[in-house]
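Going line by line, the protein sequences match chains A and B. Going left to right, the first sequence walks through residues 1 to 460 as the working numbering numbers them. Going left to right, the second sequence walks through residues 1 to 460 as the working numbering numbers them.
It should be emphasised that the hints constitute simulated quantities derived from the structure, not laboratory data. Be aware that a few hints might be false.
[Claimed, not checked] Where chain B lies over chain A, by a calculated footprint (3+ residues, C-beta under 8 Å):
(1) 39 to 49
(2) 106 to 113
(3) 150 to 156
[As the list claims (entries may be wrong)] Computed list of lysine-lysine pairs in PhoX-like fashion (alpha-carbon distance at most 20 Å, straight line):
(4) B/Lys9 - A/Lys9
(5) A/Lys96 - A/Lys411
(6) A/Lys96 - B/Lys31
(7) B/Lys31 - A/Lys80
(8) B/Lys285 - B/Lys5
(9) B/Lys129 - A/Lys80
(10) A/Lys285 - A/Lys96
(11) A/Lys256 - A/Lys96
(12) B/Lys411 - A/Lys96
(13) A/Lys129 - B/Lys411
(14) A/Lys5 - B/Lys411
(15) B/Lys42 - B/Lys31
(16) A/Lys405 - A/Lys96
(17) A/Lys80 - B/Lys9
(18) B/Lys405 - B/Lys9
(19) B/Lys5 - A/Lys9
Quick caveat: nothing in here was measured; it's all calculated off a predicted structure. Where is the CB? At the ideal position from N, CA and C, for every residue including glycine.
If you want the building blocks of each chain, they are given just below.
Protein chains: 2
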Amino acid sequence: MSETKIPYKIYLTENEIPTAWYNLRADMKVKPAPLLNPGTGKPLTAEEMSGIFCEELVRQELDNDTAYYPIPEDIRNFYKMYRPSPLVRAYCLEEKLGTPAKIYYKFEGNNTSGSHKLNSAVAQAYYAKQQGLKGVTTETGAGQWGTALSMACSYFELDCKVFMVKVSYEQKPFRREVMRTYGASVTPSPSMETEIGKKILAEHPGTTGSLGCAISEAVEVAVTNPGYRYVLGSVLNQVLLHQSVIGLEAKAALDKYGIKPDVIIGCAGGGSNLGGLIAPFMGEKLRGEADYQIIAVEPASCPSFTRGKFAYDFCDTGMICPLAKMYTLGSSFIPSPNHAGGLRFHGMSTILSQLYHDGYMEARAAEQTAVFEAAETFARVEGILPAPESSHAIRAAIDEALKCKETGEEKTILFGLTGTGYFDLTAYQQFNDGVMTDYIPTDEDLAKGFAALPQVPGVE
Amino acid sequence: MSETKIPYKIYLTENEIPTAWYNLRADMKVKPAPLLNPGTGKPLTAEEMSGIFCEELVRQELDNDTAYYPIPEDIRNFYKMYRPSPLVRAYCLEEKLGTPAKIYYKFEGNNTSGSHKLNSAVAQAYYAKQQGLKGVTTETGAGQWGTALSMACSYFELDCKVFMVKVSYEQKPFRREVMRTYGASVTPSPSMETEIGKKILAEHPGTTGSLGCAISEAVEVAVTNPGYRYVLGSVLNQVLLHQSVIGLEAKAALDKYGIKPDVIIGCAGGGSNLGGLIAPFMGEKLRGEADYQIIAVEPASCPSFTRGKFAYDFCDTGMICPLAKMYTLGSSFIPSPNHAGGLRFHGMSTILSQLYHDGYMEARAAEQTAVFEAAETFARVEGILPAPESSHAIRAAIDEALKCKETGEEKTILFGLTGTGYFDLTAYQQFNDGVMTDYIPTDEDLAKGFAALPQVPGVE
């Protein structure tokens, strides 16, 4: 144990911003299963994907072998606006809990998008610009991804069309204005602007929407408008690649002080933050160089890892996207409204799904009120108002630290604080007023989603 | 000119957080005029003040001589949660403007209160706790001060009662929830909870309130409840003392790279940010060691410096506070609603008023739509969504940089970016929709305020 006094916040210098992203797949013995064409059941080719995604991003999506991707200079310059992000020693939280554990968090909320999403947004906008596109379409749940993409598109002067899950659109009206300030157009989803939106509205009038619906609409607009491509803020391999900057920075900062975490915790919706945070640590684990306890935390209302099936499924509700092999609740599963809009996706990154399946990480589900209790505790002592999504990780970190208090273990805990809750005050108000409720799907609810899992020709 | 490549963000280490605040008054040849007891017209004594303010803060308020006040360790530890704040080189803004000017901003919005207000809130809460008080009362305009104080009181386990200017309370409902999350109670002002509130409501039914009203209510509650004192987020000498941490850090960061600003710009409401930012620079100017062009920017709707009178006046609308000699529009002046709630105060710090009167600084007024144009430009290239208050400084910085573009001068401009605009999206929405208006008081409007200036026995 080093005797050096660890600062409250460890900042790397700008020169220490990683110069390359790390591709976790290169070190996976069992690679994530390929995306499939839902019509043929065959792995999606680069050619098929390039109608939806930018070419360079297709290459990144399909590349299971290259360990490091150099970060283009324009992207590194953009990163310098808000990176390196601080790695914070939670001295005040430790004291409040009376735990011998040492708690660190990597804080990704120090930018206007309010979350880590900007790390991939700028990369995807950059490659779209490089390809000479006019614009991009996307979906957003909590609004963080949409805001991030709006910022990135504004910087690179690209058109940006965002479909925002209706429940979030209504809960977070101000998010829309941030996106508009950055020049984006924002449509609540499902909408009447797309064929798939009309179909979903006809079948489920009054639906509050889901990420799956919004993805379908954004993809439809991208493929039917020349000069446009679709971009996605989570789930995909390319996104985890870009988000590796989180883990690489966190590890570099810890290494500077000779600190090795015992437990690494991240919230999990589609997996972008978790996959990015754990990337270099998981790499060491896969290569047998080190061991870490890695914990994914998801909402009990949308428990893909803890109650889902590991199967091929559509990424979207409209069933127009490729099939991905992942832990899923079924693409027809629409979770009850909760306040962690960024964690309301029915599926999960194929990379993380494979790693979870192979026993390299654990998963837990947390209930909403317990999550907000953790958020409030954290806010009061650490000064940062956390996003509901991030607060899932806080909940687990506090639980682990309290276990250490019982056992006397001095574990080092690292968690990802993905963002801030400035646009989640409706949720905080419900919590402050004592009227927040928990939603847990019944086995029957889940069975419906599983029953609708696609039958893929030639695939179990 | 140094050849070193200046980073996008200059971060000091935690050890470089200033160990003492700087008291600008020590270097002023003409000291700011003392606060007066409105009944006797005599300078307020420490004894008289100690019924309203904490004892240590009274000492700081009255001390025109001590140049440096050591920062207590508990406060420095709190500062470590969010300080040092970054000094940012606005490379992207410079490029967008095509200016040869070099623009730097000291960003104080990287904390949950969203502004620099936390710097003084933690100090005031600390001294209240040291004195064994139960709690504190205050007013808040835009909500940033109230949020900051809530955070500080939560940290030191003090009760916190906030009167929030009604127009801001309505425009920023989520601010209330942040304060509640930190355990504070929040009341829209004017309210029926105080005698002065009832009186103001009777005289001005339907008023949207003002900082002056809210101050009166908060003071009334403090002086009528044992164990409580009143704390104020701006105007007072003690607040400028605490806020000197902004300027001291900014100067230390610039000095590291051998940079000397030519122009220093801050928005001015009560003067807390401006006074803090300029403190060490103004100190050099007062001692004849260096020269700087120092510019205060205020809203055209509340133009204390540019159209006010330098006279003794009440700090509050209810006329129960001491008299301060300052640039004022009259304590009865209630500015038209604008979106920079933090700049809607009728008066100004006595320190800054004296310095302005003595020719050490300039002042400008900016109209609201021009301010939001600057805010949007800044947000799109620098990535940070600025508070409307801060955007006044951005407006002037852009104007100065554009002048340099015309003349070819390579001036170095430093401005204070006091906070973020996450709770100002109603304002951004108006701007985005093209329905924002400008309000400029007529000479007749101002004449009414001046006519009501108090006649103080024995004072001109």
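Could you work out which of the previously given hints the structure breaks and list their numbers from low to high?
Structure breaks hints 1, 6, 7, 8, 9, 10, 11, 12, 13, 14, 18, 19.
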